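Novice: Sequence:
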Amino acid sequence: MERTELDFALKLAATEGWNPGLRDADAFWAADPEGFHLGLLDGRPAASISAVRYLDEDGAPALDFIGLYIVVPGLRGHGYGLRLWDHALAGLKAPTVGLDSVLAQQDTYRKDGFEVSRRNCRYEGRFDAGKALPAGVRPLAEFPLAEALAYDRRCFPARREAFLRAWLTLPGHTALGLERGGGLAGFGVIRPCGVGSKIGPLFADDDAAASALFQGLCASAPLLPVYFDVPMPHAGAVRLAESHGMRPVFETGRMYRGPAPEIDLGREFGVTSFELG
Numbered sequence: 235m236e237r238t239e240l241d242f243a244l245k246l247a248a249t250e251g252w253n254p255g256l257r258d259a260d261a262f263w264a265a266d267p268e269g270f271h272l273g274l275l276d277g278r279p280a281a282s283i284s285a286v287r288y289l290d291e292d293g294a295p296a297l298d299f300i301g302l303y304i305v306v307p308g309l310r311g312h313g314y315g316l317r318l319w320d321h322a323l324a325g326l327k328a329p330t331v332g333l334d335s336v337l338a339q340q341d342t343y344r345k346d347g348f349e350v351s352r353r354n355c356r357y358e359g360r361f362d363a364g365k366a367l368p369a370g371v372r373p374l375a376e377f378p379l380a381e382a383l384a385y386d387r388r389c390f391p392a393r394r395e396a397f398l399r400a401w402l403t404l405p406g407h408t409a410l411g412l413e414r415g416g417g418l419a420g421f422g423v424i425r426p427c428g429v430g431s432k433i434g435p436l437f438a439d440d441d442a443a444a445s446a447l448f449q450g451l452c453a454s455a456p457l458l459p460v461y462f463d464v465p466m467p468h469a470g471a472v473r474l475a476e477s478h479g480m481r482p483v484f485e486t487g488r489m490y491r492g493p494a495p496e497i498d499l500g501r502e503f504g505v506t507s508f509e510l511g
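Numbering-wise, the sequence shown is residues 235 to 511 according to our numbering.
Hints were generated in silico from the structure; no laboratory data involved.
Remember, it's a predicted structure, so these values are computed and weren't measured experimentally.
Treat the hints with caution; some may be incorrect.
[Unchecked claim] Taking lysine to any residue pairs in the SDA-like style, the calculated list, with each CA pair at most 25 Å apart, reads:
#: 1; residue 1: Lys245; residue 2: Pro307
#: 2; residue 1: Lys365; residue 2: Pro459
#: 3; residue 1: Lys245; residue 2: Lys327
#: 4; residue 1: Lys245; residue 2: His312
#: 5; residue 1: Lys365; residue 2: Lys245
#: 6; residue 1: Lys245; residue 2: Asp320
#: 7; residue 1: Lys327; residue 2: Thr342
#: 8; residue 1: Lys245; residue 2: Asp266
The whole structure should be built from the sequences, with the hints applied where relevant.
Specialist: Pasting the structure below:
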């Protein structure tokens, strides 16, 4: 897939109601330019899939993540998607492959060895933008990038520096950090989407830190409503969304083939994206 073709895949995602960010393609491409695939029929796009490869600190495969698996409406039921799926998975070498699946497709993925590890829920809410940032919350750019990368590594099972360098700085994206005790106690990002804005990730030391960052991000929302993707096993994350009057609108299952990665779930209050993990 060429870079411009990734824009087409994200437009497909938008038509499916997945509501990607307006600049997601730039950060996704930075993560792994070879991780995006397009199936053609008579020279025209028929299906898309992403199979992004993440490495560990030694450069070895750590995690592969599947997303953007979509067949163009009108071309479904002919096996085009399955052929692209097989092609994408054939090139993956990590011990664990992950994806986020809607409920209706989970049995299909189980046939390929994937099992549900947890539920994720998308919440929606409206907030007053333009409020002052809570105490201790300031632009993440004021913290050393190394601190943000190290914090991210606690909450995500592989290195993703190239992705984060883009994700944290893209036009329209607001990245905030919380200072506590002279160090970084968490960070989060909010970005404009086709509909409203979306928070992700939101990583924090505890409920209080997450709440401060959440309030700061909502005050910085470029568009309303605000969407927030929550890992359901984290009770504090669910409380955070519901205590601010947000309502659940969409659910996925995080599925893995291979051992589920070890991460600090207690610090993961908001999922970065359903497409790249």
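Novice: For every hint, state whether the structure bears it out.
Specialist: To see whether the hints hold, each was checked on the structure:
no.: 1; hint: Lys245 with Pro307; in the structure: holds, 13 Å
no.: 2; hint: Lys365 with Pro459; in the structure: holds, 16 Å
no.: 3; hint: Lys245 with Lys327; in the structure: violated, 29 Å
no.: 4; hint: Lys245 with His312; in the structure: holds, 22 Å
no.: 5; hint: Lys365 with Lys245; in the structure: violated, 32 Å
no.: 6; hint: Lys245 with Asp320; in the structure: holds, 23 Å
no.: 7; hint: Lys327 with Thr342; in the structure: holds, 21 Å
no.: 8; hint: Lys245 with Asp266; in the structure: holds, 19 Å
Hint compliance for this structure: hints 3 and 5 are broken, all remaining hints hold.
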